[in-house]
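**Student:** Taken in order, these protein sequences are the chains called A and B.
In my numbering, each residue's number is its place in the first sequence (first place is 1) plus 4.
In my numbering, each residue's number is its place in the second sequence (first place is 1) plus 4.
Derived from the structure by calculation, the hints contain no laboratory data.
Here the structure is a predicted model, which is why all the values come from computation and not from measurement.
Be aware that a few hints might be false.
For identical chains, the list gives no copy identity; a pair is met inside one copy or between any two copies.
Unchecked claim - Straight-line alpha carbon distances no greater than 20 Å define the calculated DMTMM-like cross-link-like pairs of lysine to aspartate or glutamate that follow:
#1 K82 with D51
#2 K93 with E169
#3 K93 with D117
#4 K107 with D51
#5 K57 with E169
#6 K105 with E124
#7 K82 with E45
#8 K93 with D121
#9 K107 with E81
#10 K57 with D121
#11 K107 with D192
#12 K163 with E81
#13 K82 with D121
#14 K82 with D68
#15 K198 with D117
#16 K193 with D149
#17 K163 with E38
#18 K66 with E178
#19 K186 with D51
#20 K107 with E124
#21 K66 with D77
#22 K57 with E83
#23 K66 with E81
#24 K186 with E172
#25 K193 with E37
2 protein chains.
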Amino acid sequence: MIHYPDGSEYKPTATKKTYNKKGSEANRGMNLEEAINQSNEYYRDNDICLITKRPTPINVVKVDYSHGARITDAYFEKESTTDYNGVYKGRYIDFETKNTKSKTSFPFSNIEDHQIDHLERVIHHGGIAFFIIEFQLLDQIYLLDASIIIDHYRNGPAKSIPLAEVKEKGLLLEQAFSPRIKYIDAVDKLYFGK
Amino acid sequence: MIHYPDGSEYKPTATKKTYNKKGSEANRGMNLEEAINQSNEYYRDNDICLITKRPTPINVVKVDYSHGARITDAYFEKESTTDYNGVYKGRYIDFETKNTKSKTSFPFSNIEDHQIDHLERVIHHGGIAFFIIEFQLLDQIYLLDASIIIDHYRNGPAKSIPLAEVKEKGLLLEQAFSPRIKYIDAVDKLYFGK
């Protein structure tokens with residue numbers, strides 16, 4: 005049990021905030037992340053697949069053990085991998101979620117070099133790697149194989165991929181109540197030929 | 005770049021400490037974890053497999069954005085999964101590392117219910133799940149399929165597994181310079197029939 009310094013019990017509040025490296029980025033991608041998390045719980049509880057979110061890497065500098073273990077000084081580390089990974093039908097699954105306010109293309113400004121390296125390695129080792137991209141102003145979410153993003157990222161011509169190409173090569177994901185985003189249907193189509 | 009409140013740049017110290025939920029547990033398992041991390045880097049850089057450590061889940065309560073993003077209040081969340089996962093030859097790999105000072109058995113006191121649930125699900129979905137167990141006072145490290153631990157954990161008779169059974173059903177891991185722990189050799193033998 006976690007206690008505040010005055011001895012009262014810590015109770016997490018009902019609405020969790022997402023903290024990011026930059027204050028201005030707080031809450032970015034929150035809804036997509038929540039929807040994926042809810043979908044993963046549904047998929048787990050219904051024995052469909054087991055995909056989990058990687059915790060945000062945090063470097064802990066100081067811990068106060070006087071009332072439980074309270075972290076009093078820490079900082080966010082650079083993400084070196086992706087948001088989610090897990091197993092579906094024995095295969096390794098690895099993906100990154102991103103969103104954009106653009107209506108015409110998905111810009112790579114938010115993708116890190118080492119995430120591209122990581123996804124390339126996943127593919128090299130026979131894993132399934134993709135992006136889930138939300139076009140927020142269009143209310144459309146696509147699943148796109150990572151190799152397509154990697155190719156554009158490495159070889160250009162632009163630091164973005166046009167929405168038309170995302171539509172052509174990716175799959176539009178069905179949004180529903182539960183699971184909120186039926187992305188495993190798209191995985192079945194793209195990677196298991198269903 | 006991270007700064008201290010006085011404006012000076014934060015520089016991580018060369019020797020990192022491991023922080024745990026309980027002060028008394030600090031540094032427990034540190035050497036095994038470092039050895040596995042080093043082995044994973046070796047395996048990654050030599051294109052053998054891609055296995056990463058899941059960051060410790062931390063719930064961030066307060067962030068000070070006045071000098072970079074500094075976490076000033078946070079606490080450790082309960083681990084709901086395992087230490088490591090990744091991909092080898094297309095298959096999903098998931099494992100937990102544990103160590104013990106016992107010379108005769110591996111006690112389950114350090115294993116959480118939800119870790120057992122998680123590993124059971126991994127197996128259900130066709131993933132490869134195991135424990136890497138270090139008997140510190142014997143300087144022996146074994147890889148043992150998770151199903152054997154799960155069976156003992158669920159069905160008894162004891163809250164531990166005898167070393168003799170670990171030796172019989174598991175594989176002793178070779179320790180070397182690089183990779184420090186050649187656990188993929190054991191994965192090859194146990195799961196790929198080599």
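**Student:** Taking the hints in turn, state whether each one holds.
**Tutor:** Results for each hint:
1. Taking identical chains as interchangeable, the C-alpha atoms of K82 and D51 are never at most 20 Å apart, the minima being 33 Å within one chain and 23 Å between chains.
2. Neither within a single protomer nor between protomers do K93 and E169 lie at most 20 Å apart by alpha-carbon distance, with minima of 29 Å and 30 Å respectively.
3. When the C-alpha separation of K93 and D117 is checked against a cutoff of 20 Å, the pair qualifies neither within a copy, at 29 Å, nor between copies, at 24 Å.
4. Taking identical chains as interchangeable, the C-alpha atoms of K107 and D51 are never at most 20 Å apart, the minima being 36 Å within one chain and 38 Å between chains.
5. Neither within a single protomer nor between protomers do K57 and E169 lie at most 20 Å apart by alpha-carbon distance, with minima of 28 Å and 34 Å respectively.
6. Taking identical chains as interchangeable, the C-alpha atoms of K105 and E124 are never at most 20 Å apart, the minima being 26 Å within one chain and 40 Å between chains.
7. When the C-alpha separation of K82 and E45 is checked against a cutoff of 20 Å, the pair qualifies only between copies, where the shortest distance is 17 Å, while the shortest distance within a copy is 26 Å.
8. In this assembly of identical chains, the alpha carbons of K93 and D121 lie at most 20 Å apart only when taken from different copies (18 Å versus 25 Å within one copy).
9. For the homomeric pair K107 and E81, neither the shortest alpha-carbon distance inside one copy (31 Å) nor that between copies (38 Å) is at most 20 Å.
10. Taking CA atoms no more than 20 Å apart as the test, K57 paired with D121 passes in both settings, with 19 Å inside one copy and 17 Å between copies.
11. In this assembly of identical chains, K107 and D192 lie within 20 Å of each other by CA distance neither inside one copy nor across copies; the values are 27 Å within and 48 Å between.
12. In this homomeric assembly, K163 and E81 never come within 20 Å of each other (Cα to Cα): the closest approach is 25 Å inside a single copy and 37 Å across copies.
13. Taking CA atoms no more than 20 Å apart as the test, K82 paired with D121 passes inside one copy only; the shortest distance there is 14 Å, against 30 Å between copies.
14. When the C-alpha separation of K82 and D68 is checked against a cutoff of 20 Å, the pair qualifies only between copies, where the shortest distance is 18 Å, while the shortest distance within a copy is 24 Å.
15. Proximity of K198 and D117 under a CA criterion of 20 Å is satisfied in neither setting, with 33 Å inside one chain copy and 36 Å between copies.
16. In this assembly of identical chains, the alpha carbons of K193 and D149 lie at most 20 Å apart only when taken from the same copy (12 Å versus 32 Å across copies).
17. Neither within a single protomer nor between protomers do K163 and E38 lie at most 20 Å apart by alpha-carbon distance, with minima of 27 Å and 37 Å respectively.
18. Proximity of K66 to E178 under the C-alpha cut-off of 20 Å is found in neither arrangement, the shortest distances being 44 Å within a copy and 36 Å between copies.
19. For the identical chains of this complex, K186 and D51 are intra-copy neighbours only, at 14 Å inside a copy versus 33 Å across copies, given an alpha-carbon limit of 20 Å.
20. For a Cα distance limit of 20 Å, the shortest separation of K107 from E124 qualifies neither inside one copy, at 27 Å, nor across copies, at 43 Å.
21. Taking the shortest alpha-carbon separations for K66 and D77, both the intra-copy value of 5 Å and the inter-copy value of 10 Å come in at or below 20 Å.
22. For the homomeric pair K57 and E83, the shortest alpha-carbon distances inside one copy (13 Å) and between copies (12 Å) are both at most 20 Å.
23. Within a single copy, K66 and E81 get their C-alpha atoms as close as 15 Å, and across copies as close as 16 Å, so both meet the 20 Å cut-off.
24. In this assembly of identical chains, the alpha carbons of K186 and E172 lie at most 20 Å apart only when taken from the same copy (19 Å versus 44 Å across copies).
25. For the homomeric pair K193 and E37, neither the shortest alpha-carbon distance inside one copy (23 Å) nor that between copies (38 Å) is at most 20 Å.
Comparing the model with each earlier hint shows violations of hints 1, 2, 3, 4, 5, 6, 9, 11, 12, 15, 17, 18, 20, 25; every other hint is respected.
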